[in-house]
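Undergrad: Protein sequences, first through last, are from chains H and C.
As numbered in UniProt numbering, the first sequence has no gaps in its residue numbers, which increase by one up to the final residue, 209.
As numbered in UniProt numbering, the second sequence has no gaps in its residue numbers, which increase by one up to the final residue, 209.
Derived from the structure by calculation, the hints contain no laboratory data.
It should be emphasised that the depicted structure is a prediction, and the values quoted were computed from it without experimental measurement.
Hints may contain errors.
It does not matter which identical chain is meant; a pair holds if it fits inside one copy or across any two.
List of simulated lysine-lysine pairs, DSSO-like, C-alpha gap at most 27 Å [unchecked claim]:
| # | residue 1 | residue 2 |
| --- | --- | --- |
| 1 | 202 | 125 |
| 2 | 198 | 45 |
| 3 | 137 | 202 |
| 4 | 125 | 176 |
| 5 | 125 | 198 |
| 6 | 137 | 45 |
| 7 | 137 | 198 |
Number of protein chains: 2
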Amino acid sequence: MITLHHLNASRSLRILWLLEEMGEPYTLIRYQRDPATRLAPASLKNIHPLGKSPVIELDGQVLVESGAIVEYLIRRFAPRLEPAFSSPDYLKYLQWIHFAESSAMVPVLLKLFTQFETNAGTQLKFLDGYTRAEFDKVLGYLDTALENRTFIVGDTLSGADFMLAFVAITVVEQMKCGAQYPHLQAYLQRLAALDSWKRALKLERELDE
Amino acid sequence: MITLHHLNASRSLRILWLLEEMGEPYTLIRYQRDPATRLAPASLKNIHPLGKSPVIELDGQVLVESGAIVEYLIRRFAPRLEPAFSSPDYLKYLQWIHFAESSAMVPVLLKLFTQFETNAGTQLKFLDGYTRAEFDKVLGYLDTALENRTFIVGDTLSGADFMLAFVAITVVEQMKCGAQYPHLQAYLQRLAALDSWKRALKLERELDE
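Based on the sequences and whatever the hints tell you, model everything.
TA: Structure follows, in structure tokens:
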């Protein structure tokens, strides 16, 4: 049995969506952010010292890192969401899975953090210019890669889409940059039309009630 | 044939070391940082729009993201560096590969960036406190995980070590935090004693000459 320790409004949405898509039975344990600080609750540290989400429990092991969880669950339970190892798409699959958290999320987080600083009146000397250039380069690259495509790899849904969806939600919905990255915005709309995505978002909303 | 576009003093050291460990023939194309700005040369953008390193060419495909490159090369050319999929170590293997670039490198980069700001006299209101707390938590977790271990997964060298080595070099050598994280420092010393590592570092030094 798979147990997901799920924090609302976090990268854990990737795994909630994946579990809904896979159809494998799972147990959901819910966590909510502190309403004032928006930080994860301290109770997540009882599951794993890093105190973050997603965390899964499986075969008596506790596993963090959404990229690792996506790769593992798919390879074991839903190989239809992974290109064949011998196909050229397999390299692209791995690349986009890693891209989502390394190349993409670093400038996304930097932009959110530098906005906190500038909103608080800090005069940044280096970070604002660096961040703007990196964000434009990386998100522009992703946006171009999504032009004329339904999913990011091949013609079908894959684990890479589960990873990129969180980038798209953050950039399009939270940061309101959809107009600047129209292919990313349209991609998010296509993903949002999938039944498994709708079920995952419905679960998130119910957990918030 | 594998071609590595290698930028000195970058995450590309992971792949140079892996290629030396694998023993598979490869072509090395060298790039140097701008001596003044320490940025990657613009010529890397001719290979891939993100303009970063490592980049490999293989079977006519261009692939970025060091985590993806490590996973793919090992699975195809050096399966001895990957635990069996059926073993509990496989989950740990994937977790540490993803941890290196997501959980670990984000606070490492934030610490380097905030040091640039504070050295330039910026009075940060949020980022310095947040960064210090995240860095201590994540590097402390890694340091504890390395206590009483030779390698990070099982008893043998694996792809996860190639990923974590760059974290260790940055934290121990570049940021001089080795005394604070003694197990990470000792781990780096153990890796540095391996023949393949010595050959990779010798190549880096020769490329700098």
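Undergrad: State for each hint whether it applies.
TA: These are the hints, each one checked on the structure:
no. : hint      : in the structure
1   : 202 - 125 : neither (43 Å within a copy, 37 Å between copies)
2   : 198 - 45  : neither (29 Å within a copy, 39 Å between copies)
3   : 137 - 202 : neither (34 Å within a copy, 33 Å between copies)
4   : 125 - 176 : both (25 Å within a copy, 24 Å between copies)
5   : 125 - 198 : neither (43 Å within a copy, 39 Å between copies)
6   : 137 - 45  : between (35 Å within a copy, 11 Å between copies)
7   : 137 - 198 : neither (31 Å within a copy, 35 Å between copies)
Against the hints set out earlier in the document, violations occur for numbers 1, 2, 3, 5 and 7.
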